[in-house]
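J.: Chains as they are written, first to last, in this note's numbering: chain X, 1 to 349; chain Y, 1 to 349; chain G, 1 to 349.
Read the hints as simulated data drawn from the structure, not as lab findings. One or more of the hints may lead you astray.
Unchecked claim - Covered stretches of chain X (in silico footprint by chain Y; criterion: 3 or more residues with CB under 8 Å from a CB of chain Y, positions within the stretch not fixed):
{"hint": "1", "region": "12–23"}
{"hint": "2", "region": "59–69"}
{"hint": "3", "region": "229–237"}
{"hint": "4", "region": "300–313"}
Claimed, not checked - List of simulated lysine-lysine pairs, PhoX-like, C-alpha gap at most 25 Å:
{"hint": "5", "chain 1": "Y", "residue 1": "K3", "chain 2": "Y", "residue 2": "K49"}
{"hint": "6", "chain 1": "Y", "residue 1": "K54", "chain 2": "Y", "residue 2": "K3"}
{"hint": "7", "chain 1": "G", "residue 1": "K6", "chain 2": "Y", "residue 2": "K333"}
{"hint": "8", "chain 1": "Y", "residue 1": "K325", "chain 2": "X", "residue 2": "K333"}
{"hint": "9", "chain 1": "Y", "residue 1": "K332", "chain 2": "G", "residue 2": "K325"}
{"hint": "10", "chain 1": "Y", "residue 1": "K333", "chain 2": "G", "residue 2": "K325"}
Said to hold, decoys possible - Examples of chain G residues lying across from chain X (beta carbon under 8 Å, computed):
{"hint": "11", "residue": "A139"}
{"hint": "12", "residue": "A184"}
{"hint": "13", "residue": "G189"}
{"hint": "14", "residue": "I196"}
{"hint": "15", "residue": "A313"}
{"hint": "16", "residue": "R340"}
From a predicted model like this one, the values you see are computed outputs, not experimental measurements. For each residue, glycine too, the CB sits at the ideal point set by N, CA and C.
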Amino acid sequence: MGKSLKELAVYLGGRVIGDDSALVQGLAGLDDAGEGQITFLANPRYASKVATTKATAVILPPGADGHGRNVIEVANPYLAFAKLLTLFHVHPPQFLGVMEGASIGRDVSMGSDVTIYPGVWVADGVRLGNRVTLYPGVALYPGVTLGDDVTLHANVSIRERCRIGNRVIVHDGAVIGSDGFGYAPDGAGYYKIPQIGIVVVEDDVEVGANTTIDRAALDVTRIGRGTKIDNLVQIGHNCVIGENCMIVSQVGISGSTRIGTHVTLAGQVGVAGHLTIGDNVMIGAKSGVPGNLPPNGMYSGMPAIPHKEWLRAMGVLGRLPELRKTVSLLEKKVEELEARLGARDPEPV
Amino acid sequence: MGKSLKELAVYLGGRVIGDDSALVQGLAGLDDAGEGQITFLANPRYASKVATTKATAVILPPGADGHGRNVIEVANPYLAFAKLLTLFHVHPPQFLGVMEGASIGRDVSMGSDVTIYPGVWVADGVRLGNRVTLYPGVALYPGVTLGDDVTLHANVSIRERCRIGNRVIVHDGAVIGSDGFGYAPDGAGYYKIPQIGIVVVEDDVEVGANTTIDRAALDVTRIGRGTKIDNLVQIGHNCVIGENCMIVSQVGISGSTRIGTHVTLAGQVGVAGHLTIGDNVMIGAKSGVPGNLPPNGMYSGMPAIPHKEWLRAMGVLGRLPELRKTVSLLEKKVEELEARLGARDPEPV
Amino acid sequence: MGKSLKELAVYLGGRVIGDDSALVQGLAGLDDAGEGQITFLANPRYASKVATTKATAVILPPGADGHGRNVIEVANPYLAFAKLLTLFHVHPPQFLGVMEGASIGRDVSMGSDVTIYPGVWVADGVRLGNRVTLYPGVALYPGVTLGDDVTLHANVSIRERCRIGNRVIVHDGAVIGSDGFGYAPDGAGYYKIPQIGIVVVEDDVEVGANTTIDRAALDVTRIGRGTKIDNLVQIGHNCVIGENCMIVSQVGISGSTRIGTHVTLAGQVGVAGHLTIGDNVMIGAKSGVPGNLPPNGMYSGMPAIPHKEWLRAMGVLGRLPELRKTVSLLEKKVEELEARLGARDPEPV
Chain X
1 MGKSLKELAV YLGGRVIGDD SALVQGLAGL DDAGEGQITF LANPRYASKV
51 ATTKATAVIL PPGADGHGRN VIEVANPYLA FAKLLTLFHV HPPQFLGVME
101 GASIGRDVSM GSDVTIYPGV WVADGVRLGN RVTLYPGVAL YPGVTLGDDV
151 TLHANVSIRE RCRIGNRVIV HDGAVIGSDG FGYAPDGAGY YKIPQIGIVV
201 VEDDVEVGAN TTIDRAALDV TRIGRGTKID NLVQIGHNCV IGENCMIVSQ
251 VGISGSTRIG THVTLAGQVG VAGHLTIGDN VMIGAKSGVP GNLPPNGMYS
301 GMPAIPHKEW LRAMGVLGRL PELRKTVSLL EKKVEELEAR LGARDPEPV
Chain Y
1 MGKSLKELAV YLGGRVIGDD SALVQGLAGL DDAGEGQITF LANPRYASKV
51 ATTKATAVIL PPGADGHGRN VIEVANPYLA FAKLLTLFHV HPPQFLGVME
101 GASIGRDVSM GSDVTIYPGV WVADGVRLGN RVTLYPGVAL YPGVTLGDDV
151 TLHANVSIRE RCRIGNRVIV HDGAVIGSDG FGYAPDGAGY YKIPQIGIVV
201 VEDDVEVGAN TTIDRAALDV TRIGRGTKID NLVQIGHNCV IGENCMIVSQ
251 VGISGSTRIG THVTLAGQVG VAGHLTIGDN VMIGAKSGVP GNLPPNGMYS
301 GMPAIPHKEW LRAMGVLGRL PELRKTVSLL EKKVEELEAR LGARDPEPV
Chain G
1 MGKSLKELAV YLGGRVIGDD SALVQGLAGL DDAGEGQITF LANPRYASKV
51 ATTKATAVIL PPGADGHGRN VIEVANPYLA FAKLLTLFHV HPPQFLGVME
101 GASIGRDVSM GSDVTIYPGV WVADGVRLGN RVTLYPGVAL YPGVTLGDDV
151 TLHANVSIRE RCRIGNRVIV HDGAVIGSDG FGYAPDGAGY YKIPQIGIVV
201 VEDDVEVGAN TTIDRAALDV TRIGRGTKID NLVQIGHNCV IGENCMIVSQ
251 VGISGSTRIG THVTLAGQVG VAGHLTIGDN VMIGAKSGVP GNLPPNGMYS
301 GMPAIPHKEW LRAMGVLGRL PELRKTVSLL EKKVEELEAR LGARDPEPV
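Chain X on its own, in the form it takes in the complex (with noise of 0.2 Å):
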């Protein structure tokens, strides 16, 4: 039932050090893997574990001391790490039908081996592609599109015509396509302005759970092929986000802004409307970013600035009201400085 380190490392791209017959049934971290368990070193801080740890092989970095032990020697251990869990423990999913208690429009159309659980509901017009998983509770509304291999969870709603690229994952309660915040004041009140765009989720994007993004009033809020995010984010309407983004949880996009490639922002982050942040750049957590921002650089705080920057000025904070005494007294002995050179020195200056 187990797997050789030959296998293993033919899978993984490494090459084994030890005895490459021995068998591996499962993975765990350092301190809790046993007989049949493989384990791995990512962070050279626990290198001393390698010679403790009770796995039967370690996955290692180039150069690593392995004390004698069975190791599979990669350039990425975390990421070897990673596949083989999904080696071990992610099944192809199983193909159910449509099972009774669904409800399908008229006009669907169904790639092959799908599962849609009771109590989901796919709108006139819906188009799913092939291996589509639907948990219960999903509402996909009329002339809704899923890719190939698109899993989502239990009561994720995808509105009016929103488009999913292939091998999307969508957690639960999740919402793609509700109306984007618009209004026109009209003097008495608030007019809604119709949100008649879409939203489209490219390829390889993963949506935490109860995460909502807002289809455009016109056009298209567009999220970038591999981008992750996270639970309970915002995105408003209009906003592109680029390629391979992390977007932490509780983050909040404001309308019609403008994300680049590989940028990252972290837990609880505000960005405000109608802005354009650079490829590559890291927004700290909890930071509120107010204007545009060039590639490339990392910025924090409310609002954010250069994060070094901020790193310093956090550092005097604590210390404000001692530098205000400090300033009262200097106050205090230039004014008496003066007093005693000024009766000394009568004549006007």
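Once you have looked at the hints, place chains Y and G on chain X.
T.: Then chains Y and G, alone, in the frame of chain X:
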């Protein structure tokens, strides 16, 4: 199939300059509009685009240069554009009746022309007005009341006895009437205080996706007429929100706070509990409000202070370390001065 | 139909002063209570209202002036009021069984007296305790376990193999067990790390509406006994939350952080990942916690510092521009003084 500029001008209460028989089939922005479409100029910054747009007609404010194009002149072009979007794109909801797979309790009263999709739960004693649309997964707990022309999107939950007014729209996954967060410490842990009040949502309110509004402990949490609430907003128990407020995404309002009319809370704002916020107050994004605020001001920061003071303070913030260095240097110089003066001036002061 | 003060005093462990046969049918606040109702005084500030309330009886702490009213004297009037609310308003859930339109998988075990509404999905291998109530749209993925007296409100999702203790309440739309946010960069983009752990929610926990709690990567995300979690909270993978914590709305806790017992996180707080927060710590609203915190302190700000220091610093913040001006002025004056002294004192120092 299109509408003449003459018809549209009547609808908007404006006047045509140019060919009032020209036909329009749809709308688009200044850059994207083409033959048969109407566009608008709201921001004077883009006035030069009026000359180059390919649109059949442009909606302009009084006095703007039409560059010889067909023009509909109105006081508020943005509002006019919103009204035309509604005219062209928003159709009265279809009347589909109670569809198979919906679950309807006892003693439920319904107005005419309702649409109830599969997977909706309408509990005992619920009252629905005319032209109500309930999308799949909507849960109406016992005793809920909805007015006329209410639309509840997929997986919205309205808890026991809450009352929703006319023309209210609630987006997917929003929860109205969950228990307020109330506990009494009992020495060992926390004893739950039953939340027996309700939520009242008045006419013309819109509630965003996955927003949560808690029921009152004893009486009523109230959302005033015309107020618009964005996605992922939290409103605590016993809050009273005035009319025509704008509450942007991820705002949190703690329990028992009273918000006036026409208040704007920008994204990710937090308001503490048991406060009173006056009419027409604006709170900047990410700010935290720890105390009462009188009407008509703009505030920012955490804790929130008048917006202009906050802007000035933030301007200094990044230069704090520099300021601290300057003060240290001054201290040294003043000491030196004192020493030098003291040396020449031996008698005690 | 009412209950006598004598009965109520026994129920509360208090004593009656006045007419212990007086009958009470319900409860209300000091201002609103009328004939046949009982009210309470928790805040001494409102003590004078005891004289004027129209209530039939008042719950008072020892030593408070009853103004001749019927009184039940107890150590903690607020807790007593909560207990009477429960007595008068919270009824044991009705046993309705598995209703038509629910979908129950194979190998499901159920205790006695469960209620499962239409539109609930109970997957294969789920175990339900006694007196479990599942509202419409609840999704229990394969292998989920619920204890006794659990209530899951509409559209709650509990993912694969998660375990929920006794007397747990989960409000509408909350998601327990969604995948943690874990990816390994693979050069091109991000490789998803399978999240194969679970969430364990211990006894007497309450989870707010649309809150999300991620499953662990390998082992367990744990919510300790008696902890109360408000709406729209995010708890990352591998977190361990202690017993009897209060986690207020819109808080975010990053992955692998350990929170002690009896910790309070106020609204919109963010806690970074891989931290340890000691017992009895309180974090002020909107604060950000970047590092470990020892037990028993109160902290505020972003980054969080001891609360008193933060209050003092915030007091200065608004006056920063003024402080900066003062320092500039001092610089000039000191320069002047130096010049004057230098003029009289030509020899080098």
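J.: Hints first: check each against the structure and report whether it holds.
T.: Hint-by-hint comparison with the structure:
1. 12–23: That given contact is violated, which follows from only 0 residues of the region 12–23 of chain X lying within Cβ reach (below 8 Å) of chain Y.
2. 59–69: violated (count 0)
3. 229–237: Check passed, 3 qualifying residues.
4. 300–313: holds (count 8)
5. Y:K3 to Y:K49: holds, 24 Å
6. Y:K54 to Y:K3: holds, 18 Å
7. G:K6 to Y:K333: violated, 78 Å
8. Y:K325 to X:K333: Given pair Y:K325, X:K333 holds - Cα atoms ~18 Å apart, limit 25 Å.
9. Y:K332 to G:K325: This hinted pair holds, its Cα atoms lying about 19 Å apart.
10. Y:K333 to G:K325: Given pair Y:K333, G:K325 holds - Cα atoms ~18 Å apart, limit 25 Å.
11. A139: holds, 4 Å
12. A184: Nearest chain X Cβ about 4 Å off; hint holds.
13. G189: holds, 4 Å
14. I196: Holds: closest Cβ of chain X sits about 5 Å from G:I196, inside 8 Å.
15. A313: Since chain X brings a Cβ to about 5 Å from G:A313, closer than 8 Å, the hint holds.
16. R340: holds, 6 Å
In summary, the numbered hints that this structure violates are 1, 2 and 7.
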